[in-house]
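Enquirer: Sequence:
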Amino acid sequence: MPFFDRESCTYTYLLADLDQREAVLIDPVIELAERDAQTIKELDLTLKYGMNTHMHADHVTGTGLLKKLLPGCKSLIARASGAQADVYVIDGDCVEFGKHKLDVLATPGHTSGCVTYVCHEQGIAFTGDTLLIRGCGRTDFQEGNSKVLYDSVHKKIFTLPNNFLIFPAHDYKGQTSTTVGEEKVYNPRLTKPLEEFVKIMENLNLPYPKMIGRHQEI
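Quick note on the numbering used here: the sequence shown kicks off at 1 and runs consecutively.
Treat the hints with care, since some could be wrong.
Straight-line alpha carbon distances no greater than 27 angstroms define the calculated BS3-like cross-link-like pairs of lysine-lysine that follow [to be verified]:
1. K74 <-> K101
2. K101 <-> K67
3. K74 <-> K99
4. K192 <-> K155
5. K147 <-> K199
6. K199 <-> K173
7. K41 <-> K74
8. K41 <-> K68
9. K173 <-> K184
10. K147 <-> K192
11. K101 <-> K68
12. K41 <-> K101
13. K41 <-> K67
14. K192 <-> K173
15. K199 <-> K155
16. K184 <-> K199
17. K99 <-> K41
18. K184 <-> K155
19. K147 <-> K99
20. K68 <-> K99
21. K101 <-> K199
22. K173 <-> K101
23. K67 <-> K99
So the derived label-pair ranges between C-beta atoms look like this [said to hold, decoys possible]:
24. N205 <-> D86: 35 to 43 angstroms
25. N163 <-> K101: 33 to 41 angstroms
26. K147 <-> E31: 32 to 40 angstroms
27. D86 <-> G123: 26 to 34 angstroms
28. K147 <-> G82: 15 to 23 angstroms
29. K99 <-> P71: 17 to 25 angstroms
30. T176 <-> K41: 36 to 44 angstroms
Just so you know, these hints were derived from the structure itself, not from any lab. Since the model is a prediction, treat every value here as computed from it, not as a measurement. Even for Gly, the Cβ is constructed at its ideal location relative to N, Cα and C.
Construct the complete structure from the given sequences, taking the supplied hints into account.
Expert: And the structure:
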């Protein structure tokens, strides 16, 4: 189940095992944490993890508040993120909830601590800001690196089956998902050779995120 924050154009994803009633929430936003908690209660679910794909710069994560609203919930993020959390993951780890599991792929580049969560049984991947729909996350802060991002996408995400659905952390045009195969053909940045991609990323000239540095503890 996707949730959407209009202010930051952030997608939050609720995944659940409906037999065991255990759930995880990916990339929650603090302003909407009460909405998320209420939905989880209404669905009679137990939230095991509030988890992030990376340390966000455009909004404050909602995991800290969710831990207060839903006792027993733990925060989870990549160890390389530098953020404080209850549970840390690295490349190759597996996040389990009920009978389901998410495999962790380290996909740095947008930030040094980005990960992608992959559910092979469902054919879906939650790519955070590493791979967006026809785009990718910027690489000019939080130890971002254009070459590293390019390698993360091509050597990790683009090696998944073409029919795998991609669910990003953001979209600014109202789109909700894409596929690995689509992005391999139509992504205007990541279909370019590495050198051209790096030049594109170096010349984005985007404003600095307002929320950066405000959410080290989750």
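Enquirer: Hints numbered earlier in the text: which of these fail when held up against the supplied structure?
Expert: 19, 21, 22, 25, 30
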